[in-house]
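Novice: Top line first, the protein sequences correspond to chains A and B.
Residue 4 is where the first sequence starts when you use this note's numbering, and the numbers rise one by one after that.
Residue 13 is where the second sequence starts when you use this note's numbering, and the numbers rise one by one after that.
In case anyone wonders, no lab produced these hints; they're calculated from the structure.
One should not assume that every hint holds.
[To be verified] In the DSBU-like style, the derived pairs of lysine-lysine whose C-alpha atoms are separated by at most 30 angstroms in a straight line are: (1) K18(A) <-> K205(B); (2) K18(A) <-> K109(B); (3) K331(A) <-> K95(B); (4) K100(B) <-> K206(B); (5) K18(A) <-> K100(B); (6) K247(A) <-> K63(B).
[As the list claims (entries may be wrong)] Sample of chain A residues at the chain B side, in silico, Cβ under 10 angstroms: (7) E6; (8) S14; (9) L23; (10) L300; (11) I337.
[Claimed, not checked] Residues of chain B placed beyond 12 angstroms of chain A at every Cβ, according to the derived structure: (12) D77; (13) S110; (14) L143; (15) V171; (16) K178; (17) K205.
Computed from a prediction, not measured in an experiment: that's the story for all the values here.
Glycine residues also receive a C-beta, built at the ideal position from the N, C-alpha and C atoms.
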Amino acid sequence: MNEKKLTNILSMVEKPGRYLGIEINSVHKEWEKTDVKILLSYPDLYELGMSNQGLEILYNIVNERNDSLAERVYAPGLDLEKILRREKVPLFSLESKHPIEDFDIIGFTLQYELSFTNILNILDIGNIPVHVSDRDEKHPLIIAGGPCSCNPEPMADFIDLFVVGDGEEAIVNIIETYRRSRSIGRDKLLMKLAGIDGVYVPSLYSARYNANGAIRDIKPVTKDIPDAVSKATVDISKNNYQAKPLVPLINTVHNRLTLEIQRGCSNNCAFCQARTYYYPLRLKDKKELIDAAEKGLKNTGFDEISLSSLSSVDYPHIEWLVSELIQKYRDKRISVSLSSLRPDRFSLELVNRIRQTRKTGLTFALESGSVRLRGVLNKSIDEDRMLSAISDACKEGWKLIKLYFMIGLPTEQDEDVQTIVDVVNKIKRINNRLNLNITISHFVPKPHTPFQWVGQENIGSLKKKAGFLSRNLRGKVKVHNVESSLLEAVFARGDRRLGRVIEEAWRQGCRFDQWREHFRFDLWKKAFSAQNISMEFYAARIRDAGEILPWEHIDCGISKATFLKEYRKINGSNTEG
Amino acid sequence: MEAIQKVKITYGKYGLIRFIGHLDTMDTIFTAARRAGLPLCYTEGFNPRIKASFSPPLSLGFSSDVEFMELFLNETVAVDKLKGSLQKELPEGMIIKSVEEIAVKSKSLNNAIEAAGYRFSFEGFNVDKGLLNERKKKLLEASSVLSMDISGDSGCDFVIGMGGGKKMSSREIARNLLDIDEDEVKKIEFTRKKFFFKL
Ligand code: SF4
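Chain A with its partners taken away, still in its complex shape (with noise of 0.2 angstroms):
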């Protein structure tokens, strides 16, 4: 695009700032001369994009290598939309404002269900069929992979591959095949690609139903292809690809260091699907954090470590990691935090330490108020000691407490939502000056979990529960989106055939779901019945155990089996409960 054409557009919108391309660390090179154009996207706004860790490893390992090129895209600002629609200009990338039709790969990451619609958006602004059966050669390979890919059904029809699993390994195997194979033609390219680790080609299974609507199969569709893709796993101990972030010129949600310190989770908690996604766990190694963060400090200029991952404070040597980046950069006024604390676990003395180069308040995911429910979640807390600790905490001079509860979790009862209120009410009543933030969660049942087999509750009660909560606690109280929730539900735990959906809801308007003020819930409700599905068979049906699910051919490394055995038990309480 030419520069009077790329200012003009950027003097139209509100903030141009998100397109610009180049943050410190942007890595610009020369299109020409560069075998494999690949171009990564966050399907959402840049703001939220840009705090994305795994796409910034994929960046930094591609653009290392000779033979290729990544640039980013992120999801353009309904503002420029409509500007790039009205003067015939294709969504271009940030680096080399190259249309993105013109990348050999566009990959785009699936962190959340409710973003589906936006790389449709994305695809099409950019001048690209949103259907895998309408590209051709000349059209980019589309790619995805994220949380999301652990059931990637829902988006079969969109999306050429998904990679399952760490993308550190599978992008470099498909870089290479892609350049070995690239002018095979598109179809045999697939074939080649599938046989790379953690690869699933859609396209190359066909699924068939039973007549009350639950899947009869999903077979590959010739004999050399797997019937299961098995997900990718790396050890992440290896390599380090943390030490040149990207550093964004506008404000983002993390403007800081992300370190990730270990990959997976030590805990089982029933619910939750990232445990089986980023299974098994794996460690850094604590010297070398040390010198990623001198690295990435002194290459970004942020003043605040971060260090991330599922729950923080169960890496071993998390004393020792603070207590070192906080004594070598308090000169510097460089703080330190934590994601995911764990409400029992944690030492005041870390948090103390913290502290003392910390803006922010204490985050404690306690999911639900009874000693009960937190056993069915396998969640148990020892309510008692993260009171004295809150005490303790209190003492020290911390003033705001974040809580987040979930409401119609499996087995719960009426008086189980009433502890939520009691558990709030016992932390007030330590210090009545204390700001607690709580937010209200609705359950919803995942793929690769040990609730994958049961209903959601229905909407009726849940704003009956939170309804009731929002009377009752004493702090500020924010309750997500119900019917939000609702829709993560049935795309979490849906199959092909709501392809169709997601296509009607974006051509009638959908985008940006995941924002309150964007999210258009009558039109995915006339999407649903345009399209003659029902939202009720995928999120409260509770599926019979012997019944195939969409995602039977994605192995997470956690077995079927082993998560019936906990499913088991948890109905076992339920009766004795």
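Fit chain B with the ligand to the supplied structure of chain A, relying on the hints for placement.
Specialist: The following block gives chain B with the ligand in isolation, referenced to the frame of chain A:
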């Protein structure tokens, strides 16, 4: 930490970086200063900030030849060295024009600004000199525009005072002068050319 040196860093903003707003520009310079390893001073408290002050906000999309920041340092650094190491860390389009040492206790220069000069080009617009002169006269009478020069054919230079008169933004001034609408004025590239300081 006491500041023992204060420098005035004058820089220009050109190209894509002009689409970064005031606060983001400050943060961008701060991270650059950290990467450059400058001996920075911080404010006290739980949320320490780098001690510095900046020239008045520049509208989003404007270029400038004359932005400045006053930065406090806790060690003495040679100005040439500072200029080189900071320039290396700044994003494309932010160009350091000069670094001067000023008295540590001196008052912030911001308070001394009386007026600012801007320029935009007529490129892409049909201009009728007679009409322009009429509109110019009105603007001078009715607003905080202190002076305006449209004698060259290529564009307009004008000075806006910080004091009395009806406050008008540069874009409003251009709209009035050229009689164009809100969307058209967005396409004009303005450049801040000069600050006028009280003596
Ligand atoms: S909820 Fe958190 S602690 Fe529990 S298994 Fe998942 S990641 Fe681990």
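Novice: Would you mind marking each hint as holding or not holding in the structure?
Specialist: Quick rundown of the hints versus the structure:
no.: 1; hint: K18(A) <-> K205(B); verdict: holds, 24 angstroms
no.: 2; hint: K18(A) <-> K109(B); verdict: holds, 28 angstroms
no.: 3; hint: K331(A) <-> K95(B); verdict: holds, 27 angstroms
no.: 4; hint: K100(B) <-> K206(B); verdict: holds, 25 angstroms
no.: 5; hint: K18(A) <-> K100(B); verdict: holds, 26 angstroms
no.: 6; hint: K247(A) <-> K63(B); verdict: holds, 26 angstroms
no.: 7; hint: E6; verdict: holds, 9 angstroms
no.: 8; hint: S14; verdict: holds, 5 angstroms
no.: 9; hint: L23; verdict: holds, 5 angstroms
no.: 10; hint: L300; verdict: holds, 8 angstroms
no.: 11; hint: I337; verdict: holds, 9 angstroms
no.: 12; hint: D77; verdict: holds, 18 angstroms
no.: 13; hint: S110; verdict: holds, 23 angstroms
no.: 14; hint: L143; verdict: holds, 25 angstroms
no.: 15; hint: V171; verdict: holds, 24 angstroms
no.: 16; hint: K178; verdict: holds, 25 angstroms
no.: 17; hint: K205; verdict: holds, 19 angstroms
Taken one by one, the earlier hints all hold for this structure without exception.
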